[in-house]
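Asks: Sequence:
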Amino acid sequence: MAASLCPVPARQGQTVGPASLTSCLWRSLPDIVSFHRAGSPASCQYDIVNAAELTRSIMELTNCAALEMEKPRGTVMPHTGPELIKQANGLHGFMNWQQNLLTDSGGFQMVSLVELSEVTEEGVRFRSPYDGEEILLTPEKSIEIQNALGSDIMMQLDDVVSSTVTGPRVEEAMYRSIRWLDRCMAANSKPDKQNLFAIIQGGLDPALRTKCLEEMTQRDVPGFAIGGLSGGEAKDHFWRMVTLSTDRLPRGKPRYLMGVGYPTDLVVCVALGCDMFDCVFPTRTARFGSALVPWGSLPVRNKQFAKDFRPIDESCDCPTCRRYSRAFLHALFRSETAAMHLLTVHNIAYQLNLMRSIRESIVEQRFPQFVRDFMRTMYSSQEQYPPWAVEALASVNITLE
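For the record, in the sequence shown the residue sitting at position 248 is 319 according to our numbering, with numbers rising by one throughout.
Keep in mind the hints are simulated off the structure, nothing from the lab.
As the structure is a prediction and not an experimental result, all values here were calculated from the model.
Treat each hint with caution, since some may be false.
So the derived label-pair ranges between C-beta atoms look like this [stated by the list, open to error]:
#1 Gln158 x Gln440: 47 to 53 angstroms
#2 Glu204 x Arg250: 24 to 30 angstroms
#3 Glu205 x Gln169: 34 to 40 angstroms
#4 Gly303 x Val461: 17 to 23 angstroms
#5 Gly164 x Ala465: 46 to 52 angstroms
#6 Asn167 x Pro277: 43 to 49 angstroms
Cross-link-like lysine-lysine pairs, in silico, DSSO-like; alpha carbons within 30 angstroms at most [to be verified]:
#7 Lys282 x Lys212
#8 Lys212 x Lys157
#9 Lys212 x Lys261
#10 Lys212 x Lys264
#11 Lys157 x Lys261
#12 Lys282 x Lys261
Just so you know, even glycine gets a beta-carbon here, dropped at the ideal spot from N, CA and C.
Use the sequences and the hints to build the structure in full.
Replies: In structure tokens form, the structure reads like this:
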């Protein structure tokens, strides 16, 4: 795997930017586009549950290079099992999607369905919110399902606890995640075709996260995810745990920061050394009637846009901005669900364009200036810059003056 780093001096022995700009994990590099078959940094853009209103053809129009498929609660999809998808030659055939696919292990349901789940050394026992059926998800079963789905990248089953949890449960989850990684690796029947990523845990405890990093980096896996963050912890704790992780992860393998999608977070965490991201932020924001723009967000549901005939963003070339005005979208939101669809298309295009711009700036060795320009556009004044972001960027020698 080639490693191409942005040559900006940072901490001693470190370089600003992601681990690898072009990754052999991706099938192709059709354009400098974003995650969820491309290089890095990149951001996962799709979830079959949370953005089901988007069709494959629409995703292709946005030049999306990869999709993330969340294994939903109870089964692979609410009404579709892995055996049916396996008969269709995996998700690529089932969806007629020829770009990258990443599948999650289902472990996050330990947090989102905490009242319906029980974690033991064997695995996670869920009670389905659909029909009450009890389901045992073991590391072996998680990998069996993901092998059947045929994703390009699949995640280990880890023991997930909220980032705000402290005490013995965090240590228990960290050590169990290491043991479950070994079980996932042993269960993977297609290691030559599907890339299994480890997930670093340890909460906000530097000693526990360091121990997890020491153990998991001894395993021969194609990539690593930084888990257990972006769950409500203070941003100062967040960026320091990201830095602790990227400092200790191999520079020749992708680093995937899970659950991060706010634009400022993406820019800062690329500077801290992350390659890949995923988040429902673009799709969820669209459902609430807000469009992502370089200067923040545009609440098109608000009355002020009722007679605004400009596109969401005049600099955006997405299908929504090419065809529709703010006024039309505002009117559509009053009676039609199509408005959410159109805003979702725009928001995903925004996220893809942001990651494309980041990658181009790294390739052209002007990433620090890109960061400064981004912050000036996103915030009305330097006084509005989030202090945590300023401090995090300064730690890798990117000043915002």
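Asks: Give a verdict on every hint.
Replies: Evaluation of the provided hints:
1. Gln158 x Gln440: 47 to 53 angstroms: holds, 51 angstroms
2. Glu204 x Arg250: 24 to 30 angstroms: With a Cβ separation near 27 angstroms, glutamate 204 and arginine 250 satisfy 24 to 30 angstroms, so the hint holds.
3. Glu205 x Gln169: 34 to 40 angstroms: holds, 37 angstroms
4. Gly303 x Val461: 17 to 23 angstroms: holds, 22 angstroms
5. Gly164 x Ala465: 46 to 52 angstroms: The hinted range 46 to 52 angstroms holds for glycine 164 and alanine 465, with Cβ atoms some 48 angstroms apart.
6. Asn167 x Pro277: 43 to 49 angstroms: This hint holds: roughly 46 angstroms between Cβ atoms.
7. Lys282 x Lys212: Holds, at about 27 angstroms.
8. Lys212 x Lys157: holds, 15 angstroms
9. Lys212 x Lys261: holds, 14 angstroms
10. Lys212 x Lys264: Distance of about 18 angstroms is within 30 angstroms: holds.
11. Lys157 x Lys261: holds, 14 angstroms
12. Lys282 x Lys261: Holds. Lysine 282 to lysine 261 sits at ~28 angstroms (cutoff 30 angstroms).
Going through the hint list in order, the structure satisfies each hint without exception.
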